[in-house]
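Those sequence lines, one after another, are chains A and B.
What the first sequence shows, in the working numbering, is residues 1008 to 1354, in sequence order.
What the second sequence shows, in the working numbering, is residues 141 to 432, in sequence order.
Careful: at least some of the hints might be erroneous.
Stated by the list, open to error - A few chain A residues that face chain B, going by a derived Cβ cut-off under 8 Å, partial list only:
1) Ser1192
2) Ala1240
3) Leu1242
4) Ala1244
5) Asp1292
6) Leu1333
It is worth saying that the hints were derived from the structure and are not from the lab.
These numbers were taken from a predicted model, which means no experiment stands behind them.
Quick reminder that beta carbons are idealized off the backbone N, C-alpha and C, glycines included.
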Amino acid sequence: MRSRILRVLGASDEDDPETAEPDVRTDGGTTSDAAAASGETSRLGQWLDSEFAKSLPFWLPATLLVGLFVYGAIGWNFLISLTDWQGLRQPTYESLDFEMYTRFFDSVFAGGLLSGPQEYWALRNTFVLLVVFTVAALAVGLLLAILVDRDIRFENTFRTIYLLPMSLSFVVTAIFWAWMYNPESGLINQTLGAVGLGSLAQQWISDPQYKLFAVMFALVWQFSGYAMVVYLAGLRAIPSDQYEAAKVDGASLLKMYWRVIVPQLRASTTSAAVVLMVFALKAFDFLYVMFGTRPGPSADILAMMMYRESFGTTNWAYGSAIAMILFALALGVIAPYLYLQFKRGEL
Amino acid sequence: MATQQSDSSFAWNRIALYATLGLLVAFYLSPLESAIMTAFKTQTGFFETSPLVPPTPSTFTLDAWGQAFNRLQGGLVNSLLFTIPATLLSATLGSLVAYGLTNTNWRGQAFVLVLLIAGIFIPYQSVLVPLSRFWSVVDPATIFSWLPPVANRSGLVALAVTHTAYGVPITTLLFRAHYKSLDSSMLEAARLDGASIAKIYRRIILPLSIPMFAVTLIYQFTNIWNDLLFALVLIQQPSNDVVTISLTALQGSMVSQYNLQMAGAFITALPTLLVYILFGEQFAEGVAGGGA
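With the sequences and hints as input, model every part of the structure.
Following this line, the structure appears as structure tokens:
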């Protein structure tokens, strides 16, 4: 089971498509000399007989569906972002320019360090969420994984509980946390009061100072279990003699983890971080349920602003431009990762 | 002496370890505990007692559950109606694609695969406007006008197809990892015996895929059931509202009725919670393989 988890992103390249076996030279394009000599019909027959043609029914329909809905839609979205489409009329694709993008970046840079229009705030909060949430979720997840990996009893139960929030909808968790953060009767402030820290009680989700922090705290609660699962798979892959060796060397527990174990978890960290960052870019549902479409400058993010511009104020072209910026950010995170995986033959 | 000392320090370490684990359990479960206790309380009950304390006989009520269920039952039915087909379709297609791209030999597989896998990470926002355009041009209500039960649920058809398309990348990745780990000599032997690609799939691959089907079905069911964003954009008529939308509406209209909100949240989460409690191991595997 564990090794299967590890292999999910692939480890062996034994059946790499490039290492074509001798009996499959008939893959459509490369055997043109043989095919040309034997005329049209046999060429078609040969093509139909190739593994490529035979495998088409398996992957082509679904790939076309994904191509249409994912890549077709992104292309169309880019086209819309070049128009001036707004309001309830139909889009026209005549005068295409990058006006929406210049409008966005002009607004971003019009802002100072502590003030500015919504574009500035949305972009800033998106980056804060991206970095702080990802690092915090990884740290908590690593801690959980190390604790669960210490040869404990009821390991499965603990793991199940820590991962439980991942199975809940953001709509559900946002409602739970809105109640947790309730200034009078919420559990957070009540607990703070009960342990004598009542002075720390805050209006967590209405005070602009704490809004984004409160959101990130709840999201870390929900997503640290995911990081734990990824780290746990990484920890299980480290041979146990390394723990023994560190123990013989007299390294303290803390030192052993920091010096010996954590550096070996780099692959787990990368893949968990990529997923968490991409998630942070999409953290829309949670904010929408907690604050509606106007979370205010302190908690607005690009994903929310895109929805508000498009479906709230029908500035379709501007919303699409923001969506493309979001897409570019996601691409900036995943392209290097996928490229590396591809290079290592791990896809 | 030395061993004794390390023994007792070992014991203290274990105690500290279990204490930490226990505190973390309390932290991870506290939002659920506070919610479930609140859902059973009257208004005075949840405003005046701690959210962790169970209701007393005077503050106990089941009203919130009944009311919340009444508000959500239409949404629950609609959610099941589109989640189940989308889950089955995306898992089946993912298995077929993964087989076609893993256990056959031809050039260019890697390219198709990279395109598919990149699809996992696309922020939904970057396709929302085109999707809403697409589904207003290709209106399932018109296409299925000869079949009124489907035509009346056009929004759900759109959601099912969209979620299937966005589910295929992740299910493909999950199945591919499994198919790569299969013994290739077995497939080679079948091929030498003259078995066709389709026959190898049906006779060998499909039976071996059952554990992976469990993983992908559970993972996809949870993901699709929990989604709000696509439903917000694609559902036009209130009669088609899915449960996440109904719950958002309930939360918006019952502002300080926290018992009602919490009961509603639990009713919405119930199918995914049940699936998680019964198949936690498979869910963890799906999560580890595919990410959020």
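Okay, the hints, checked on the actual structure:
no.: 1; hint: Ser1192; result: holds, 5 Å
no.: 2; hint: Ala1240; result: holds, 6 Å
no.: 3; hint: Leu1242; result: violated, 13 Å
no.: 4; hint: Ala1244; result: violated, 12 Å
no.: 5; hint: Asp1292; result: holds, 4 Å
no.: 6; hint: Leu1333; result: holds, 5 Å
Hints 3 and 4 from the list above are not met by this structure, while the remaining hints are.
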